[in-house]
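Chains as they are written, first to last, in numbering that gives the first Met the number 0: chain V, 0 to 149; chain D, 0 to 335; chain R, 0 to 266.
Calculated from the structure, these hints are not laboratory results. No residue lacks a Cβ here, since even glycine has one placed at the ideal position from N, Cα and C. Heads up, a few of these hints could be off.
Stated by the list, open to error - Covered stretches of chain R (chain V as the covering partner; in silico rule of three or more C-beta atoms under 8 Å from a C-beta of chain V):
(1) 142 to 153
(2) 189 to 198
(3) 231 to 237
(4) 256 to 265
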Amino acid sequence: MSEFEPKIVAFVCNWCTYAGADLTGTSRIKYASNVKIIRFPCTGRIDFMLLLKSFANGADGIIVSGCHPNDCHYTSGNFHARRRWMMFKDLMDFMGVDMNRITYSWVSAAEGAKWAEVVNSTVTRIRELGPYVSYNQMVNKPVEEEVQHE
Amino acid sequence: METTKKLIRKKSLEKLYAALSMSRKVYAPVVADDNRVEYKYNPEFSAITFDHIQSTLSVKNLVFPKVENLIYFTNHKTESSVTEVDVSRIPEVVLWGAHPCDAAAYDVLRSIFCWDTKDQFFSKRLEKLTVIGLACHQSDDYCFCTSVGLAPDSAKGSDILLSRLKSGDYQAEILTEKGNAVAGLSPGLFEAMPDEGVLTADVKARFDYREVTKKLTGAFKHPFWVANSLRCIGCGACAYVCPTCACFDIQDETRGLNGRRYRSWDSCGFGLFTLHTSGHNPREVQSQRWRQRIMHKFSYMPDRNESLGCVGCGRCSRGCPVDMNIAEQLTALQTI
Amino acid sequence: MNSLIARAKELLENKSVQVIIGYEAGSNGIARPAFISDPKDAEKLIYDDRCIQNLALYLTKHEVKHFGKMGIVAALPVMRSIMMLISEQQVFAENIVVLGISSDGSLLDMADIGVMKGYIGKADLGNPAKDEELIARLNKLTPAEKFEYWQNELSKCIKCYACRQSCPMCYCTRCSVECNQPQWIPVQSNTHGNMEWHILRAMHLAGRCISCGECGRACPVNIPCHLLTMHLADQVHHHFKVHAGTSDKMSSVLSTFDPSDKESFII
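So here's chain V without its partners, still in its complex pose (with noise of 0.2 Å):
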């Protein structure tokens, strides 16, 4: 059986994490392939449906990462993505949708260490829960009476 790797999604936002990020590879620090990064203006843009497409289409994890409480670029965005990250992870929590899937960071313009971290360390965990098998079999799964494509 070939090695698993983890498509990890990373929800980003353009001031500090995604700064951060280029910071980490100007630092010329090493770390994990696996992340697609989708840069946002601020966290306060994400909408939690589109963590949920993410699942749909394929990605095994999520990282959603913003600038520290009081340091948005914006002032207030990331105070509302908190608040909305916290609803979320109590519904997905309640229908259980695997939230260790999920990882919420602040990352800032001058941690690319972290950011490093961040990465690698959700990359571990996710390879060793292994594919997000059970979200798509359910997206998969067809209506009984559909005539479906070869």
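Given the coordinates of chain V, work out where chains D and R should sit on it, guided by the hints.
Just chains D and R, lined up with the frame of chain V:
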């Protein structure tokens, strides 16, 4: 063809079910955890109920599924390819235990789907469907089949009609070639029918559909609609549980370079059902939509389709969150 | 409910309101919403254990607002919905008269919104025992079992939107599902799409749901979708110490923030 009445014992039904399940999908009613009745594919015979008054959802999904793929398409960058859905892959299905209202509903749907152009999906599914009807020995206050020209023992739409006898065994009336083919799988199970009456529910007629149709011709602007639709919340529950409702939406869904076009259930009760791209909505308020529901089933369809658009199963009233109760409204309409 | 009928008659006769939204006897022994605009019809109004439907949703309906000022028969859940709608400026206090009903079924004197607010402030805002029990039972399951449970339930969903239509807080004239740029939720019914729909609805109600349970009751296939919104309402109270529908000035928790919010899961 000449119809024949035979006796089939309760335990022979189990053998018949086993014979059918070996080669086909059999859709039969079972009682769910919350005491609702739902139809499932190939359940254990011991789970099948013969005592249900009505299931929550209708069985129209066998000919008009809640989602039907129409075409598949692929984008090849400079051109695209379209693949037709291969309707020959639609399997044979036996509907086990459909009450007379549901059996009759297929003909109503046929009058819509095959009105001018023959809908190939509907037609193929109906062709592959065999209906084993189950006459009603009980009913509840929501049933009104006798008000719309049907009856708890009507054979319309069934290929074989089972009717319960006092002994607990069943009379099997073999009505069509398809029914003959089913009986032919295990002919030994069908015995000579003794001279015994079947148990039939007593469903008192509440209104006369012909009177209602006549009244509706002049009723478009009647204040009845506004007065009686205020509590309607505009959901799709009545349309979706109805065995004769056939409105659908068509959507394209893509994933990368591939996609499909499908049709799925829709309801004229939704606020946006008749919204035009211009922004104009001819049925902006719920009273217009409620009027549409009733007029369509009891006036427009009899006028143009030859079929009444309702079989009196009562599911809409059982499922309605606000008790719109169509039979009550139709009874009132008769006297406007 | 003679005092209710008398009060309704009085309000209609002196033209304080043009319509009373209440309950009447429906078919087969159930209660259903009634709209009384003629004082003579006030006798149709009933109030008993069968009258549990949340009538507040009619306060935002165009066809009902069209009457003019509205009176509404309101037990505690309906009062909270009204309060929530006022706080979101969908209903204006001067356009309604509340015929409050206490937990023992008697008519309350509610001269204005302030009185209603006081009543809500002293009331027991707990969930019905049946729902508490089901939530507790679900919380004991493993995540995989929970996922299995919700998949089973949500595969039954036919996307009729009875849940949305019966909810007083789902008053958006264009719901998220009716947008196709982007199409968040597929139009058809399938297990995955149904789950996404119910998650979206629960999240859009977080901090706004008052746990009336109407959505679960309206569902024709008996999906307990009210547990999702109710659970989030409980969690809102747990994290932020507020209950929805207790103040006419409140802003819901997801529209506001507090720099000192505490969470444990962000690294």
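Evaluated hints:
Counting residues of the region 142 to 153 of chain R whose C-beta lies closer than 8 Å to any C-beta of chain V gives 9; at least three are required, and the coverage claim holds. Coverage of the region 189 to 198 of chain R by chain V holds [criterion: at least 3 residues with CB-CB distance below 8 Å; count 6]. Using a Cβ-Cβ cut-off of 8 Å, 3 residues of the region 231 to 237 of chain R lie near chain V, which meets the minimum of three, so the contact claim holds. Counting residues of the region 256 to 265 of chain R whose beta-carbon sits less than 8 Å from any beta-carbon of chain V gives 7, enough to reach three: the coverage restraint holds.
Hint violations for this structure: none, all hints satisfied.
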